[in-house]
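**Q** Protein chains in written order, with the working numbering: chain C, 7 to 599; chain Z, 445 to 634.
By construction, these hints were calculated from the structure, which means they are not laboratory data. Heads up, a few of these hints could be off.
What the hints assert, rightly or not - Below, computed lysine-lysine pairings styled on PhoX-like, alpha-carbon distance capped at 25 Å:
hint, chain 1, residue 1, chain 2, residue 2
1, Z, 585, C, 538
2, C, 497, C, 509
3, Z, 549, C, 548
4, Z, 549, C, 555
5, C, 372, Z, 549
6, Z, 550, C, 377
7, C, 497, C, 377
8, Z, 550, C, 372
9, C, 562, Z, 550
10, C, 205, C, 222
11, C, 547, Z, 550
12, C, 377, C, 322
13, C, 555, Z, 552
14, C, 547, C, 419
15, Z, 565, C, 340
16, Z, 552, C, 548
Claimed, not checked - To spell it out: a stretch of chain Z is covered by chain C in this simulated footprint if at least three of its residues, at any positions, have a beta carbon under 8 Å from a beta carbon of chain C; those stretches are:
hint, region
17, 465-471
18, 487-497
19, 501-515
20, 528-536
21, 541-547
22, 552-560
Each residue gets a CB set at the ideal place from its N, CA and C atoms; glycine is no exception.
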Amino acid sequence: MEIGKVLGEEHQEALLLGNEAVARGAIEAGVQVASAYPGTPSSEIVGTLGKVAHDAHMHVQWSVNEKVALEVGAGVAMAGGRALVCMKHVGLNVAADPFMSLMNTGIKGGLVLAIGDDPGMHSSQNEQDTRIYGIFAKIITLIPSNVQEAKDFIKKAFDISEKCGVPVIVRLTTRICHSRGKVTFGSTKEEPNVVEFGKDPTQWVIIPAYARGLYKKLLGRQNMFSSAVEELQYNTIEGDGEFGVVCSGVVYNYVKEAYERAGCSAKILKVGALPLSENTIHSFKDGVTSIFVYEEGDPVLEDLMVRHCGNIVKGKRTGDVPWDGEITVDVILKTENTCETGPTAPTRPPLLCSGCSHRAMYYAMKRSGAKVVSGDIGCYTLGVMPPLLAVDTCLCMGASINMASGMYFAGEKTRVAAAIGDSTFIHTGVNGLMNAVYNDAHITVVILDNSTTAMTGHQPHPLTGKKATGEDAKQLNLLDIVKACGVEHIKTINPHNIPEAIKAMKEANEYEGVSVVIAQAPCNFVDPNPSKKQPSIDGCKKCLVCINKFCCPALKVVEGGTVDIDYGLCNGCGDCIEVCPHNAIQYKDGDEE
Amino acid sequence: MNIILCGVGGQGVLFIAQALTNGFLENGEIATSSETHGMAQRGGSVITHVRTGDHANSHLVPTGQCDAMIAMEISEALRYKCYLSENSHVFINDYEVYPLLVNLKKQKYPERQAMLDELAKITKNLHIVPATQLAIDNFNKPIMANVIMLGALSTVLPFSLETLKKTIADISPDRFRDSNIEALRVGSEK
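Isolated chain Z, as found in the complex (with noise of 0.2 Å):
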């Protein structure tokens, strides 16, 4: 299986990909993830790549050949719609983050809906998540909604829920970790 995780630096891309790509390897599968660390984390794009499988040390989806992808904002899932097909199943949170040069009206950020008419051609498995908003009703935290798309996500993964809220758990420092169980279950619901 491909997935592609996406979003802009500080939205813990990196956090839902190592539970994610532990999900597999408890599921007995051979699973790797390819990360962007660096310069990326201030507020740059985000990319990560969990493949599972006889490729999975090849570690980059090749285009076209994504299943699964969470964009935790919208205009990144447009940028990396390459690795999309038709087969893909595509988890957007609802949520923009207008980059410098927007800010300094120099690009346009592209109108929402034309950005998931664009993303609709391509595939008809978009499922629009409020995470960011649902993260913010639930847990007053808008950066849990990375937890929450993870649960979103759950719905097209060969293993269970409860195999993610393991993997979350072993990696979320104490005072989040039940928290972060929930918003799985927040997600998954969605």
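Chain C on its own, in the form it takes in the complex (with noise of 0.2 Å):
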């Protein structure tokens, strides 16, 4: 079977990610534009219509950042076009502003948000359940529970969206996103809608006036969105008794399993689609005597089954399913993890890697004397972790320069330095600076600028000068940019020269306002050493500074208690000819740098 194919007729079958299973219910249904930022677990499904826009005929972008990627669809689908929008769970909190007025306008054409939730925070800061943002916006959440449905609903997501003229939300969770199962191909839409869009400023323009008229329609229209929900027939009832269980998503599939290995039978309510009709709630309800809510995220059904059915409902409120992580399997049928006797293995957390530019200007940044530096998010954000420990905080994307400001304003005596990455800096790090610099705050703002949106997969952005789909793009000049910001003091300099970027670094901190540090470097992905130079080490004095201060994971203690370099994973940087206090680092051959 073909891995990864997304163009193809119906009835062709691939093995796909849940991410590229969305990616091909969107060119089923006709998508005009997709729009995104990365987020795992969500950034495969723009990274996939990137590669074949061309060929499903369909505009594909990143986007600067989520309201912006939403802004953009919103515009497609209020001109009558079909959109769909991607991001991570925490993305939506960015994207809430224009996805809480949509709620209002309504739209035309057809406009999806497919939404990665992340049950046990695999990659994500905090733990939030998508559902309750389509309680809030009183929209249609629809969430598939496999590969498969993850395409078919993404699919459906598009009819009923403009059926009802809402934004539809597909809420994603890591083990749909990223796992990978068989997909069968659907039809795909012949005609794509027309865009053109209608003056019609009562409902597009949200002044009171309008507004008020334009909320008190999506109120009572309640009811038809539920119609509508129950004629999809994704939410389905299986079984019979007295023992009722009510899931959603892919631990729909844990519970079938959990109860067949317990020998237990059931009658499930399978939830595929939000707001629940009536009908379905009493269906369910008939007959049953008991019901147990297992779902990820906040207690959503439960508290909607404990409204219909009174305290017979047990889940999370009752304390019988955790609050937090994943509802697998193992914590439904609640199989204790014993023997903890015996070696275990050591804790392997993920790490900057080898040659990574961000190593080395967090090592030039304590050499210079931070004291306190506030991160943001990113592969830089791993600077937190020893030997560097070199990130005091860490909130979402584009806090850094705000939280450093903020401390300043407060009466912090210690110079805070901001570390933002050249994606984040994009994202809404621009609007930071602009506000330290007209607030008049005293901090240094360093740019970790390596060309990429590393951490989740080196997508491109807009000082890459690449596209979604490949193409070259205008590309904006970060330089520019800080110094439209007016800011005042700003240097360039190339991390791996330690020496310089220690010097930057010194001075920026006695800037008297925001100095700006713009440590450029590509990241080994986008660049590995091309000349392949490799460092030896001859005549170690086993100080081990190396590794106590800076650790890369290609320096090694050896037999003796020497440090050699482990060359499958060195990348030749040559940082650590600098980090050795007695010079017994040397490029082989006496190359210089």
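Build the complex: two chains, separate frames, hints provided.
**A** Listed below in structure tokens is the structure:
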């Protein structure tokens, strides 16, 4: 079976990641514009569509942030077209402003938000349940439970979005996005939507006078939404008896397996779409004397069941199911992991790669006396790990500069530095820089520019000169942008030149105002060491400064206590040459950097 | 069938998982895999679950239900021992990667024999394969250990090595295709 293929005719099959299945669903639905900001676990949706944009007759873009991505989609749908907007769960927080206004304006074409939740926080700063956003906005939410449904539900989401005139959320989780399964293709919409904006300010311009009427209209259509959901037949009841189980998403599969293993039977309500209709709830409730609700996220279905069925419902609120993490077969069966005696595997956290320019810059920042570093989201967050311990805060995308500013405004005496990546800077950091200059913060902003959006899979952004489709893009200039924000003290350096980096940091820290240091060196994935120069160690004094202060993964302590280089991992960056206080590390053959 | 593939980010676990899952599909079975993406790639612990049959869509192998495991690194097999039972076949790459805290002397890396003894308490079907060494000896590329391990696993799979050679060939870049097929053969003879 072909892996990762999303173009093809009806009835063809392929082995697809859940995200690829979503991409295929968008192609079948005749989506005209797909926009996203990278965010695990959703990144591969637009990543995949970008590769086939031309053949799929789709405009595919990485937008600078999720709010922009959704507003782009809103423009498409207001003009009658079909738009898919993708992001991870916290991305919807960034896009919440247009999202909550869209519930009021509604749309003419189809607008679907594919949101990747992350129960268990495999790659996120928090857990949050996107189904609540669907309820908050009083719109429709679809919840696929496997990879095939991910494709089918996305396609259907566009039909129902157009029928009901509102955006539709498709709630995905990590186990759908990053699982692979067989997908059978469906037919592709023959004619794309006609895109032509129709003048109607009473719908599209939400001044209060118009907005009040629109909101009443939305409230009045809630029954229509649950009828439309009922017609989808995505909420199914199987089995019978007195013991009821309610679940949604991948948890449905875990429930089936767990109950089979335990030899228990139940009447199972699989929720694939919200809002649930009264009919569905009553059909399920009929004859049931106790209900267990299993769901990942908040007790959304549980609270709904309690409202209709009273206190026969067990779940998170009764302490029977954990609030956090994945609700797996083992959690449902309460299978304890016994046997903690004997040797255990050491902790293995993810780290900055060998040769990473962020390691060099953080090392330089520490050497220059940095005491408080307000960090941000990206690979460079990993600077928090020992031995660097170079990142002191990380809250959400673009927060670093603002939090550093806040500390200054409140009277923090230590010079605070903010460390932010290039993609994060374009996302929302630039607003923070403007704010810092305007409100006169005295902080050092370090922009870690490695020419990519690395952590999520090396996607391009406006400073890289490439688009989501691989085509060339107008390349924005970081230095120009920083100057345009009114910054007067700016220094651009190569972080692998550690003495230069230390000097730049010291000068920046002394400036009375906002200073910016642009640390510019491409990510190893973007530009592996082309010269393949490799350092070697001779005359190691066993001081272990390189391990204890720097700890590149390619440095290892060998028999006898000296340090050696693992050439399977070494990237040849040469940072260790500067770090060694005894000049025991040099490039082979005396090559200079 | 429930299979776990685990190792350190960067060892190519995802690559062999794809070939394996596709092998089951070519064999006419329902199969899915569930992967670790993102953060774990940077030298963190990675695990992929491959499941076939009725519960393939219940992506995560329940504890104690693993039929076969490939561990690209010894301590990773230990980390995921909860999935094993006396019936599991465990193929372990005889290779150690010291994580950060061990290098900083803040944690101890367990003794090799102690780890293997601990696993032997759970199952007699331990197959220690010097895959990284074989990869260096045969191809001068330690990264090919993953395909060698897949070859070793083939001895307990319900489909032929030929099917696996096809699915590996399908996803191999041109310049690695022949050596990947050869690596499968090398592993299958261990």
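**Q** Now tell me, hint by hint, if it's right for this structure.
**A** Consistency of the hints with the structure:
1. Under the criterion of a C-alpha separation no larger than 25 Å, the hint pairing residue 585 of chain Z with residue 538 of chain C is consistent with the structure, at around 16 Å.
2. Only pairs whose Cα atoms come within 25 Å are accepted, and residue 497 of chain C paired with residue 509 of chain C is accepted, the gap being roughly 10 Å.
3. Between residue 549 of chain Z and residue 548 of chain C the CA atoms are separated by roughly 14 Å; this keeps the pair inside 25 Å, and the hint holds.
4. Proposed proximity of residue 549 of chain Z and residue 555 of chain C is supported: the alpha carbons are some 13 Å apart, at most 25 Å.
5. Simply put, residue 372 of chain C and residue 549 of chain Z have alpha-carbon atoms about 21 Å apart, close enough for the 25 Å limit, and the pair holds.
6. Between residue 550 of chain Z and residue 377 of chain C, the direct Cα distance comes to roughly 23 Å. Compliance with the 25 Å bound is thereby established for this hinted pair.
7. Using a Cα cut-off of 25 Å, the hinted pair residue 497 of chain C and residue 377 of chain C holds, with the two alpha carbons roughly 20 Å apart.
8. Of the supplied pair hints, the one linking residue 550 of chain Z and residue 372 of chain C holds, its CA atoms being roughly 21 Å apart against a limit of 25 Å.
9. The hinted pair formed by residue 562 of chain C and residue 550 of chain Z meets the criterion: a straight-line CA distance of about 14 Å does not exceed 25 Å.
10. Under the criterion of a C-alpha separation no larger than 25 Å, the hint pairing residue 205 of chain C with residue 222 of chain C is consistent with the structure, at around 21 Å.
11. With a CA separation close to 21 Å, the supplied pair residue 547 of chain C and residue 550 of chain Z stays within the 25 Å bound.
12. Taken as a hint, the residue 377 of chain C and residue 322 of chain C pair is broken in the structure, with Cα atoms around 42 Å apart against an allowance of 25 Å.
13. The straight-line distance between the Cα atoms of residue 555 of chain C and residue 552 of chain Z is roughly 19 Å, inside the 25 Å bound, and the hint therefore holds.
14. In summary, the hint linking residue 547 of chain C to residue 419 of chain C is not supported, as the alpha carbons are separated by about 39 Å, beyond the 25 Å threshold.
15. In summary, the hint linking residue 565 of chain Z to residue 340 of chain C is supported, as the alpha carbons are separated by about 24 Å, within the 25 Å threshold.
16. For the hint linking residue 552 of chain Z to residue 548 of chain C, the alpha-carbon distance of about 19 Å falls within 25 Å, and the restraint holds.
17. For the region 465-471 of chain Z, the stated coverage by chain C holds: 4 residues have a C-beta nearer than 8 Å to a C-beta of that chain, and at least 3 were required.
18. Only residues whose C-beta sits within less than 8 Å of a C-beta in chain C count toward coverage, and the region 487-497 of chain Z has 3 of them, enough to reach three; the restraint holds.
19. Restraint check on the region 501-515 of chain Z versus chain C: 7 residues with Cβ-Cβ distances below 8 Å, three needed, restraint holds.
20. Note: the region 528-536 of chain Z has 0 residues with beta-carbon separation from chain C under 8 Å; the three-residue rule is not met and the coverage is violated.
21. For a cut-off of 8 Å, the count of residues in the region 541-547 of chain Z with a CB near a CB of chain C stands at 6, and the three-residue condition holds.
22. Here the region 552-560 of chain Z counts 6 residues with a CB under 8 Å from a CB of chain C, which clears the bar of 3, and the coverage holds.
Hints 12, 14, 20 from the earlier list are contradicted by this structure; the remaining hints agree with it.
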